[in-house]
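J.: Chains as they are written, first to last, in our numbering: chain X, 1 to 287; chain A, 1001 to 1303.
These are calculated hints, taken from the structure and not from any lab test.
Ideal Cβ positions, reconstructed from N, Cα and C, are used throughout, including at glycine.
Please note that the accuracy of each hint is not assured.
If we take Cβ atoms under 10 Å as the criterion, some of the chain X residues that face chain A in the derived model are [said to hold, decoys possible]: (1) Val57; (2) Asp63; (3) Arg76; (4) Ala83; (5) Met138; (6) Ser139; (7) Thr141.
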Amino acid sequence: MPPGGGAVWLASFPKSGNTWLRLLLANLLSNQDKPVSINSIPLKGRSLVRRTYIEDVTLIDTDLLTLDEALLLRPRMAAAIIAEASEDENLLFVKTHDAYCRLPECEPLLGRHDRGAAKALYIVRDPRDVVVSLASHMSYTVDEAVRRLCMDDHFIPDVHAVTTHLPQHLQNWSRHVNGWNDQADVPVHVIRYEDLRAEPVSIFGAAVAFLGLDVQREKVEQAVRFSDFVELQTQETRNNFRERPPGATAPFFRKGRVSGWVEVLTEEQSAQIVAAHGNAMRRFRYL
Amino acid sequence: MFYCRICGLDVASQLALPGVVEVHAPHDEPDVVVRYGDIPSSLDRPSYVGPTWQVSGQRFLFEVPGVARFLVNDGRAITIELNEASTKEDAAPFLLGTGIGAILHQRGELLLHGSAVALNNRAVILSGPTGAGKSTVAAALCKAGFQFLSDDVSVIRFDSDDHPVVTSDGRQHKLWSDSIQHLSLADRQRNVVREKIHKFYVDPPRSNAAALLPVVAVFLLDKVTPPDPPSIIQLSPVNAAPLLRENVFKSSLAQHMGRNGALFGQIASLLRHSAVFRLERARGFDRINETLETIKAAVEELS
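Isolated chain X (complex conformation):
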């Protein structure tokens, strides 16, 4: 990472702990003596997909773009963000749910850059728990959530919706986790959601060290305390959470449970996920 600045892609399949990771980072970097607000996470960041920002930076009317053309803007946006980050003493964090793919002429999704101009934290979660979380977040039936984890052309938000953000192409769960972890363009540090839940201080501390930030144990411990699920749920109950979709059937910050799927999925649903994603699940020690 260049002195001070640099871009950090915070990558994950949806409902894998990306928001929690951002809260941990914000609580670490905010230097406050109280938890940051979930509704204004003070993490210096940019977006690869927010339409108003992209239109301001590229001058392109994004509602006129096809899905493929919109994807072609990712490396351009990434380059603009990396250029901005290189002039900043702070890290610039960029959340993304895009699957890592190659564009025409083999251009990497987020472009080619000097080694160290950008790094990625990739957070992965047991797909059976992802299904349970996705179903309540998006008001899907569990069967629908299972189907979506297996779809190759899975986009969020839905392609035909008029939205504030460009659709992100998730591909399917296996391709998502393998794509980010097999690419050699960006140094990536993998965080298993389950490990982060079990040993947050050491696992988050390792991620902080990967980013080249100073790891002070008491600050990491404080960030973990301020990002505790009870704290997040209390804030959501009191003030709502603006990233929660209007139709969601449950709070955004649910229990954050590990292996909660055991009580929700039928044997058939669970078997369906294993049949589709067994290899990738074994790779990340879920089987």
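Since the structure of chain X is provided, determine the placement of chain A on it from the hints.
T.: This is chain A only, laid out in the frame that chain X set:
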């Protein structure tokens, strides 16, 4: 050549421009000529280089990756180079948006990202970022008796008494298919704006609006998630000026062309004669009639 009038300019174009009303060839030289041609990969001594565009004085080079590149020169000429896999139909909407926007900035105009409609020969502009609902609210107002002037971009000029005026445009409405359905406009739906995109050109109701109408109000549209009734507040000129600057069409281009000072002067002139409201409305169509009533009442109260 395809001839048309856009934002008060006579345009002659080598490619037919969908969604624009074709007119007879003008007697005089056209204001703007659009041609195919080769375009350099970069400009000499650019003052700004962005991810898809660069500026050098009165020259603007712009690329839509996978579609086309455009060179806009001195407020008078646009050159287009199509990507191998693209068609002129693919390139035309970007030419009409960013390309014409750059022409107008090069001509020193004040252009707001907004649709213009008129009631009793007085124009109002509905402004806001992409997705704010400008075109949809404008189309709904036209169903409710307003006249259509322009879609998505409104050029504000100043008459001899320095009053702000807006001109009716030669372009059709562009609406998403769900807006067309909810506003029952299927009978006026025309071609799709682009293949694979669910946005369509829609004929505006027959307009008998005068060529130039005074601008009496600008509504800055904002969407809120809970289905609350629309809320409206009138902004003081001090509060309105920076928000209008943000809503200048292709605002960052204007900034990198060095237009900030000129634009603030033009915005100050606009604010001497026009009210500015911030209008928050619920997403979707459930409460659109209340939005229309709110706008109508605000306009009528200005008289």
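J.: Tell me, in ascending order, the numbers of any earlier hints that this structure violates.
T.: Hints 5, 6, 7 not satisfied by this model.
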